[in-house]
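Engineer: So you can see what is in the structure, the chains are spelled out below.
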Amino acid sequence: MSTASTEKTLAYTADFHDEAPLVTGDLTFHDITEIVSVHTEKKTPLAWYGAFSLALSGLMIMIIMIAYLFWNGTGVWGLNNPVGWGYAIVNFVFWVGIGHAGTLISAILFLFRQQWRTGINRSAEAMTIFAVICALVFPGIHVGRIWAAYWMLPIPNQMDMWPQFKSPLLWDVFAVSTYFTVSLVFWYVGMIPDIATLRDRATSKIRRRVMGVLSMGWTGANRHWRNYEKAYLLLAALATPLVLSVHSVVSFDFAVSIVPGWHTTIFPPYFVAGAIFSGFAMVVTLAIVARHVYAVKNIVTIDHLEKMNIIILLTGSIVGFAYITEFFIAWYSGVQYEQYAFTNRMFGPYAWAYWTMMSCNLFFPQFFWIKKLRRSIPFMFVISILVNVGMWFERFVIVVSSLHRDYLPSSWDYYTPTIVDILTFVGTFGLFFTLYLLFLRFLPQVAMSEVKGVMPQADPHFYDHAGDGHVAEHSVEVSPENEQPN
Amino acid sequence: MSQTVKRSNPLMWLIDPLQPTASQADPVYRFKWSQMAWMLPLAIGIAGLVISAVGWATDSRQFFFSYLIGWSFCLSLALGGYFFVIIQHLTKARWSVVIRRIPEALIWSFPLLAILGIPIVLGMHDLYHWTHLELIDPTSEFYDPVIAGKASYLNTPFFFARMAFYFLVWTWISFKLYTLSLRQDVDPDPSIPKQQRKISAIGLPLGAVTTAFGGMDLLMTLDPHWFSTIFGVYFFAGSFMSIMAVIALVAMILQRNGMLRGVITTEHYQDLGKFLFGFMVFWAYIAFSQYMLIWYANLPEETIFYRHRLEHGWEVFSAILLIFHFIIPFFILVGRWAKRILPVLAFMCVWMLVVHWFDIFWIVAPVLHGDHAMMSLYDVSAWLGVFGVFIGAFMYRLSRHALVPQRDPRLHKSLSFTNT
Amino acid sequence: MLNQLATQVKATMGIYEAQDDDVYGVLAEFAHPGELLRAAKAVHEEGYSHFDTHSPFPIHGMDKAMGLGNSIIGWITFGGGIAGLSLATWMQWWMGEVSYPINISGKPFFAVEPSIPVMFELTILFAALLTVAGMFALNGLPRPYNPLFYSREFLRVTDDAFFLHIAASDKQFDMEATPQMLADMGASHIESIRDTGEED
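Residue numbers (my numbering), protein chains in the order written: chain A, 57 to 542; chain B, 331 to 750; chain C, -15 to 184.
Mixed in with the good hints there might be a few duds.
[Stated by the list, open to error] Within a straight-line C-alpha distance of at most 16 angstroms, the following computed EDC-like cross-link-like pairs (lysine to aspartate or glutamate) qualify: (1) Lys422/B / Glu97/A; (2) Lys743/B / Asp515/A; (3) Lys48/C / Glu285/A.
[Stated by the list, open to error] Chain C residues, not near chain A, derived (Cβ > 10 angstroms throughout): (4) His16; (5) Asp36; (6) Ala67; (7) Met75; (8) Thr142; (9) Ala167.
Rather than coming from a laboratory, the hints here were simulated on the basis of the structure. These numbers come from a predicted model, not from an experiment. C-beta: ideal position from N, C-alpha, C; glycine also.
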């Protein structure tokens, strides 16, 4: 069907390029290997030790706070009647939410064939895993009788007692632990070819052995790639509904109850959008620093950052729209308790938190409509941090503002966290950055094989025109085998 | 507007705002089918409407509800197309260029749908309980304080104002999307892709708000006591799922009649099938979220919605919805084969469109027949009536222009697209 | 008989047996993915079956060129999903309804609605773990010892080099003709690999 006129229209479109290259600076495959691998092989820079000791100090604070909590019980937190859920659940939801961007980038963008994800997916997946670890700390330490924490799992016991499967908190146990396991497996499977690269570059015997064991004898064989790629696709297809389910289940913790401001049907998709929103903000924050320090600016380009900022704008607006819908339906429902809960959020004792949330989540991201601003590194750095502040406050507003006014006015109270609450939360950042710095130091932070795979010279047809490096755009032809057998 | 594409006269404008450009289309992309293409659906549509008119005369309450179901079904398809086109532009999608003209032609249905909405305007009193003024009159014995509290939102003038606003937004954005793309067929203006993205960026938030509130206004307020924050998303999920089925079906019908052979390939169908599957699951996720949260909290003002649909025979309809809208299609569409063997895909597309209609039926009809489940002849006739006219106008529009955005810069990528 | 089957299965994983004189196969390097794809196609058309290409990233169209079908791993995933779903359904019913029934807010001991989240999670968990386990099994990994590692050149396969390996166990393999054929195809570096079993 390649008629002359078709050729003409195609020729018209052939030199159209409005997509920036995924990898800038005319890099070869070997350059990618070098740029990424060298950071795991060179002598540890002093700055890394500086950052690591700072992170480790944070982790120590967390450990001390948890030890103090275990010794004294949950009374050391600011929880009391009626606010029985405070910092712990806020931080839990905050950290789980951060993790979602990693899965979104590695799984959902993979299914949508968004090739730009290759520059950032590995570090974003690492972020997911570490964020979920930080999240898991909180329900773990919140159970009070810590020695009975394993009762959360269906383990046969002599009391013949089983967990209560109608409890949404138990769904959380299953959802978050499944999420952690699948993310870890996905991350590791994705990393095998890159660890093999490190193995083949290793100069010391011990390093070769360690990397050799971790890479499982990978040789880049096509018989292996065949099953590997299919498995990767299937994992992405499984991780996509999984990531939706995790934050939906987290939202069920609130939404199945009959607490005004918690029980609303939009919660599942709205929590998922919020999680992606905060997670992308965290990825942007980390990517800005990492590409600067590790000189991977040709792989994590400004276009990558811009695309993430667009996702921040999109999800921020979804979240903002959900706030407004919730508010509208609270009025529309005609239920006085709902109406009170929402006016109380806006104008009550926690109005400061509500308006922090509104401005950080709905208002500030709107600046990303302006192309100049979403390509400005300092600006996006500030916004990305503000978004995470805003998303932390969102959970704070939901948890605290709904609880501090219950149905019994005599028990109304104003919740304030104690120093233990605050330091535990600060300490989790220590845990997060300790793990993240170890990752940056010892493992490839960019998915080398995936980046190479999306470079133009990876396409075997790139060389069709005697290897002149121009993909033969005019040679689009519709072969008879594509014809429909209708 | 470019010199090469002229506007239609005002009456024609409702069907197609532009004069035909088919003569400038590449022969491969030209519409090659007789007038039957649009006359047949139009004839079915008119027949359906005539039968329904009998219903209007004899059983007007039933007619209005039946008509609302059929009309909302077509509106949801148009909205699905609206989001589909916008998302393709915003993501600079390559795979979908060869099929994009189909939803582009579909979205110029909003003016026609506005006109087809007249029976609903006339039937407001029968359809929407909140229009009864005695409910908000404190002296009346029918006074309902809950509905009276909503009167500042649920009142007829404001309802019409909102509808007018929604339709203006949809028409305006669709006009831009439709005409820009047609202009590109004949006018090599390199700034068009950028303009398309710009209007899409404006259209997305506007469309999200108007669709969510439009869905609530048209369907949720049928039971003015009931409320659910997720309802707008539920409406969107069904719409976006159905548009995939429409695109795939129209493409297959065109190919069957000798058009676009080798242009749209199994690869494109597989992608449409994936989206059909994905959004079918998304619909199930939204439907489950809504149901489970209401089931669990067990508050009477919310459970009333499901109670109406789980007694007096409606439980059978609810079970059918669950089984045919999710469980069976899940196991069929999950496989790669179902998306690549075209007769199977065609069958599933028809299936999903029917169950999408059934979904809207399931929302609307129990409001009328709360005490005994039934499906009326007029439900089917009004559905076929509105849908036939809707599709007839769409086919006519499609026949006047190239079937593919022939100068879209990503067309060659779309032609050579393969799934990995 | 059983041994033969094992050999065949191993060959699909790219694990071959060394032939006379410890010869494992011939390794040839190609300049870029385009050449490798062409060479693989040619080798397949020549009738070889015990061969494989090695590259730093998957090459689009290589499965077809080598004459390999679609991976069967999807069925393993499906099986895992069904197993997880059944286990979760049975577990919640048995624990909630049979072994430890307890009235919580007047809800049924076992109901489908609140059981769906856990059913879903275990479906995904089992499907994902079986997918990965299945991938490793189908690929014959982990494989700490591989005669190809004896080649110094082969170290670059995970960096920027593209190799084609024809195993000596192939029926058509010939110490003279096979390397010659690869050379004719434009291979830049041809090396015979010996499976000596030594530690390097």
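Engineer: All the hints need checking, so say for each whether the structure fits it.
Structural biologist: Status of each hint after checking the structure:
A threshold of 16 angstroms between alpha carbons decides the hint, and for Lys422/B with Glu97/A the separation of about 39 angstroms lies outside it, so the pair is violated. Under the criterion of a C-alpha separation no larger than 16 angstroms, the hint pairing Lys743/B with Asp515/A is consistent with the structure, at around 14 angstroms. As the CA atoms of Lys48/C and Glu285/A are separated by approximately 14 angstroms, the hinted pair is consistent with the 16 angstroms bound. A beta-carbon of chain A is positioned within 10 angstroms of the beta-carbon of His16/C; the least distance is around 6 angstroms.
The beta carbon of Asp36/C is not kept farther than 10 angstroms from every beta carbon of chain A, the shortest such distance being approximately 5 angstroms. The Cβ of Ala67/C lies farther than 10 angstroms from every Cβ of chain A, with a closest approach of about 14 angstroms, so its non-interface assignment holds. At roughly 7 angstroms from the closest C-beta of chain A, the C-beta of Met75/C falls inside 10 angstroms, breaking its exclusion from the interface. A Cβ of chain A approaches the Cβ of Thr142/C within 10 angstroms, the least distance being about 4 angstroms, so the stated non-interface status is violated.
Taking the minimum C-beta to C-beta distance to chain A, about 20 angstroms, the non-interface status of Ala167/C holds against the 10 angstroms cut.
Hint check: violations occur at hints 1, 4, 5, 7, 8; the rest are consistent with the structure.
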